[in-house]
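Trainee: The residues making up each chain are set out below.
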Amino acid sequence: MKYKKITTQISEILISRFDKFFSNKINLTSTLILAVAFLIFIPMVGSRFTQEIMTNMFFYIVVCLGLNIIVGFAGLLHLGYAAFIAVGAYATGILSAVYGINFWITLPFSVFAAIIAGLAIGSPTLRLRGDYLAIVTLGFGEIVRITLRNIDITGGAIGLIGIERPVIFGIVLNQISHFYYMFFILAILAIFVSYRLHDSRIGRAWQYIREDEDAASAMGINVVTARLYAFIIGSSFGALAGSFYAAKMTAISPESFMFLHSVMFLLAVVLGGMGKIPGVVLGAVIVTLFPELSRDVGQYRMIIFAVVLLLLMLYRPQGIWPEKRLSSTKE
Amino acid sequence: MTFWEVFLQQLFNGLLIGAFYGLVAIGYSMVYGIIKLLNFAHGDIYMTGAFTGLIMLGFISAGIANPWLAIVISLVLSMVLVGLFGVAIQRVAYRPMLKAPRLSILITALAVSMIIYNAVLLLTQGQARPFRTGLTGESFYLGALRLTETRVVLLVAALVLMFLLHMFITRTMYGKAMRAIALDRDTCQLMGINVYKIIAVTFFVGSSLAAAAGMFAGVYYGTVHFFMGFLIGLKAFTAAVIGGIGIIPGAMLGGLLLGLLESFATQIPGVGTVWKDVFSFVFLILFLIFKPTGILGRIESERM
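Respectively, the protein sequence lines represent chains X and C.
Position 163 of the first sequence, counted from 1, bears residue number 163 in the numbering used here, the numbering being contiguous throughout.
Position 87 of the second sequence, counted from 1, bears residue number 87 in the numbering used here, the numbering being contiguous throughout.
One chain only, chain C, in its complex shape (with noise of 0.2 Å):
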């Protein structure tokens, strides 16, 4: 393969895992923005996603023939259970724990992440599962990139998925009452919003995001594990920070930049898929040294 092949082609790939790294991003920077919990269960919640869609497909395509129209269907049935998983888990452990210390409510999202990981690992027996989707996945050429109809939907799709995001907060009422909240909770109670409302929304659009980005690993990778969440958790917050912490829009760019700048390691002679998680991680170190408020972030001054 030529240079340009080659540059091609990690271009799209890294534009497709870090669209994934992106819908994850949204969901962990959304929470942290809203209550300033690093919520280390979201790796786990995008891994149910993907185990959700997996059960919710082998149900519908039962009944409906065409691959697509079921994958269509239970995406949308995985997004809605995970999002209420995720309300139900703010509900459980994080909404008691609001006003205790910071160190109170990371170790309490620590326990929720390890028992949806236990709870994963001992259902499947620590089995690999495949991800049977019904689709061909014949591949084309554009130019000198050779393409499989999957990934461009895939693509496509999670890139819908945030543009409608984006409208969801920019342009409805409960879009403004979460920045509101991420700027000051307490007016925003005294304004007459219901906080712990809001709160449950959040979760519930974070969530149903992680989990329509698992469903999507599931068809793009075509196998889901357990551990499938723990490293892509990591990668989620080093795109958020990247991005900007608490700013939606800087998720999503800062996960299309870190996927395309794995995708482009691998590339690096002495680099390679073994490394490329240890390069993404100096790259978190490195932005915490030098631009720690991230690509979009602004400068503010910080109240513990």
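So that you can see chain X by itself, here it is in the shape it has in the complex (with noise of 0.2 Å):
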């Protein structure tokens, strides 16, 4: 106990030093210009290897912080975020490869696939209590996995391959630089999009049902349309990323929209810290990075990851980097 009394007081000093450096503008907009100075280096001295990680990296950035919208923002939890990924990379990969549509024309189409999707799951199960769409959104995910491999325009068990390579102002997007600097523009976008709702009328519904339902409802907020709001903008992000996921690759099979890979975005929201940006971002840097740097973990990963997040619940609920509640002494 007195242990965890010291760990939490350094990592409060700590991470209340970090936020009084951020909040002075010109320090933030110098670390800001820096890091993005230095992010758009990169693909010019680093290696292929590194601009792979880093391009998942970015991906996983834009996968957490629309897992976020759900989880940390509605306060919702979301264990099936690969499908909804699946339903925009599908989405994409069989307008693309089995009817040859250019890839930008099929992004509306991945939205209104994951819009049709987040319906489906959300609109019966947010009516009831908001813990059901776990298990549904658990279920949802192995529903899909098995759709995927068992029908014959997803290209089954193998999955589907030949999806064509974006064309932008006539360059064909082919090398790996191409989609670092993609990715990264997503990032960028899917980061200011985040702050846009987080401060937005819905966004600040969102946080008002989190954490205290029944005092938003007698507000005047409808709980169940906010909190589908909330589950189909998160599920459309997810769906936009995975039909640029589907684009990077050209070749997708559903082994890579696994329970497993739902999990590791869990991870990361929770890790950084639910409903902060700035944490989100550094956990999906974290738990991108930390199988890179040490691969010897291997098999042992995923039962390290587990145990993390037992700990991180049972010690710090509220991730590295928590978001300042205006009350933080309500149970």
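Accuracy of the hints is not assured; some may be wrong.
Stated by the list, open to error - Coverage of chain X stretches by chain C, computed from C-beta distances (three or more under 8 Å per stretch; other residues unrestricted):
1. 131 to 142
2. 145 to 152
3. 176 to 190
4. 307 to 319
It should be emphasised that the hints constitute simulated quantities derived from the structure, not laboratory data.
Ideal Cβ placement from N, Cα and C applies to all residues, glycine included.
Put the complex together from the two separate chains, hints included.
Mentor: In structure tokens:
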């Protein structure tokens, strides 16, 4: 217990220093400019391998920010997020590889598919207790996997191949550095959209519901609709990320969108601090870079992640870099 | 086979699978009723039960020649051990979280589930293990219905366990206390009920029933593997929702009903065994839309 107190104090001091440092506008902008400049220069000096890992990291940032809308902002547990990424990836994949449609035109269809799936799963469950969503999304992940493996148009267990490369301003995106920049831009966009959502009317409604559902409802917020919006917007984020993922890989299979991936995304969000945007970005960075730095962990990786998740919940449920809440006294 | 033969055969299969679902769903529903937690680890406890049963059987069948006696002894041992395991999980992971936000305790349950799953995966190297019982598995005919001794005994045993549980819930002080805590935990505490002890007893009973179901499944299928708990966790939730979550007879009924539905669904052209799981998931969604309180559920005001 004493040990716990000391570590909590140390981390609190560090976090408050951090927050204080970044609350200064000049510090914040200069750090951001440095970081962006650094990331822009990486493809010019870094190896293919470095670029591949960094691209994957940006992908994780986009995905985790999408999941954060559902888990962090609205306080709903989503255990099948990989399935929504699969929905987007396969929407793009089928339209592109089977029907030969331009990549950019498939994007609205990808979002549309995610909205349909989100409504089918979200509208029956969100009317009920919030925690029903957790297990229904878990089931949905399994159903998507079974479906993808057993119907013809998705290519079964082998998956889809021959997804066309996107073309932008006459350039065919086919180098790793192209995708590096593409996912980098996507990550920045995702961060920007997340901030705008966080401060928007609906974003504040989500946080209110998360903190006190009854009070929010009494203030005239339609809890079910607001949650459904969170679920669908978050799912669309995932589907878009999935479309770009399909374009980068040019081949997708059901094994890329398993329950295990959903858990990794969730871990990243929880680790960094649910609801706090820089925290989620940090979580995504840690979850993607940790396995690369320690390759020999190998088969023990998942059990280590699970233990980390359990310990986090028991000792630091708010994550590494938590959001400052107006009321922290409530249980 | 004629229509009636297929019908009877599927009826029996459905009842048997449904009884397994029911046994797992009971633990799910009991825990949900008492602390409002969706225990994701419950399917993994079922899987642990199957493996514990297998290990026990290995020890015991070395000394006892009669296969049925060996199975019964190892069943009881595995139920007790896994029951204690469930209590330990509850003590370490869930009890500190009882007052925490709901999201935290759900994530805790997920983490526990993943720890058990991955630990067994590492211990068995991902290999399925044969579940050797020493039973001959000879079949006989009851009218048009082809049965084996094993299947009949399993079905009867599962139903007996359900009956015993029902007696436990309705006739003992522990059962009464459980039902009272499900209604209002704070008041129970004021009435002098040791709430933590009753929660521990709930986990013990729920986990040991799941362990029994796991061992039955091992005897039935003749093989056990580390991922056997994942789908049945979902099925148990579906069964609990069908019967009315938190209601114990509902869980039994829901389990049997889901087993029958699945068993008959495999006979529908185009569904087959591949789409069986999709079918039961669709069924869950339909139930959530049209009858979220379940068959035996009453409409009550929800308190979050």
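Trainee: For each hint, tell me whether it holds in the structure or not.
Mentor: Evaluated hints:
no., hint, result
1, 131 to 142, "holds (count 9)"
2, 145 to 152, "holds (count 3)"
3, 176 to 190, "violated (count 0)"
4, 307 to 319, "holds (count 6)"
Checked against the numbered hints listed earlier, the structure breaks hint 3 alone; every other hint is satisfied.
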